[in-house]
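*Asks:* Sequence:
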Amino acid sequence: SILNSRRSIGIHGYMLVYSIASKQSFEMVKIIQSKALNHLVGSASKVYGIGADHSISTESSLGPDKEGKALQQEWNCAWIETSARHNENVTKAFELMIAEVEKARNP
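For the sequence shown, the residue numbers in the working numbering are 5 to 111.
No wet-lab data here; the hints were simulated from the structure.
Small disclaimer: the values here were computed from a predicted structure and weren't measured.
There's no promise every hint is true.
In silico lysine-lysine, DSSO-like type, Cα no more than 30 Å apart, as pairs [as the list claims (entries may be wrong)]:
1. Lys-39 x Lys-27
2. Lys-73 x Lys-39
3. Lys-96 x Lys-34
4. Lys-70 x Lys-27
5. Lys-34 x Lys-73
6. Lys-96 x Lys-107
7. Lys-39 x Lys-96
8. Lys-107 x Lys-73
9. Lys-39 x Lys-107
Derived Cβ-Cβ restraints for the label pairs, each shown as a range [unchecked claim]:
10. Gly-14 x Lys-107: 28 to 38 Å
11. Asn-110 x Glu-31: 28 to 38 Å
12. Glu-106 x Glu-78: 16 to 26 Å
13. Lys-27 x Arg-109: 16 to 26 Å
14. Val-21 x Lys-107: 16 to 26 Å
15. Phe-98 x Met-32: 33 to 43 Å
16. Lys-27 x Asn-110: 34 to 44 Å
17. Glu-99 x Gln-77: 31 to 41 Å
Positions of the beta carbon are idealized from the N, C-alpha and C atoms, including for glycine.
Please construct the entire structure, taking both the sequences and the accompanying hints into account.
*Replies:* Written out as structure tokens, the structure is:
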């Protein structure tokens with residue numbers, strides 16, 4: 005299995021990251037999210053964030069990431085564009101996820 009329950013004890017949520025230069029990467033995020041939801045049935049965990057990494061290319065093969073924004077709305081989670089290479093919004097991505105986890109745990 006892509007997600008092993010022995011490795012997910014105490015997890016409050018997931019952040020999924022894809023490359024805006026790769027349609028395959030974007031499609032894989034959807035598969036992983038689906039498997040995460042199946043794995044987390046009955047759990048308080050969920051996908052809290054989607055990160056779009058634009059380190060490799062400034063021109064997206066996905067367009068101006070309208071598809072990422074659409075997933076954000078569909079999954080009701082945070083979304084942020086990041087670049088590990090340029091250290092852009094990396095910390096902010098984790099801060100957004102932590103804020104979402106805290107909001108869900110303390111409504």
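*Asks:* Compare the structure with each hint and give your call.
*Replies:* How the hints compare with the structure:
1. Lys-39 x Lys-27: 19 Å, holds
2. Lys-73 x Lys-39: 21 Å, holds
3. Lys-96 x Lys-34: 22 Å, holds
4. Lys-70 x Lys-27: Distance of about 13 Å is within 30 Å: holds.
5. Lys-34 x Lys-73: 13 Å, holds
6. Lys-96 x Lys-107: 16 Å, holds
7. Lys-39 x Lys-96: 26 Å, holds
8. Lys-107 x Lys-73: 21 Å, holds
9. Lys-39 x Lys-107: Status holds; Cα separation ~24 Å.
10. Gly-14 x Lys-107: 28 to 38 Å: 19 Å, violated
11. Asn-110 x Glu-31: 28 to 38 Å: Between Asn-110 and Glu-31, where Cβ atoms are some 34 Å apart, the hint holds.
12. Glu-106 x Glu-78: 16 to 26 Å: This hint holds: roughly 23 Å between Cβ atoms.
13. Lys-27 x Arg-109: 16 to 26 Å: 35 Å, violated
14. Val-21 x Lys-107: 16 to 26 Å: 21 Å, holds
15. Phe-98 x Met-32: 33 to 43 Å: Violated, at about 21 Å.
16. Lys-27 x Asn-110: 34 to 44 Å: With Cβ atoms ~38 Å apart, the hint holds.
17. Glu-99 x Gln-77: 31 to 41 Å: 21 Å, violated
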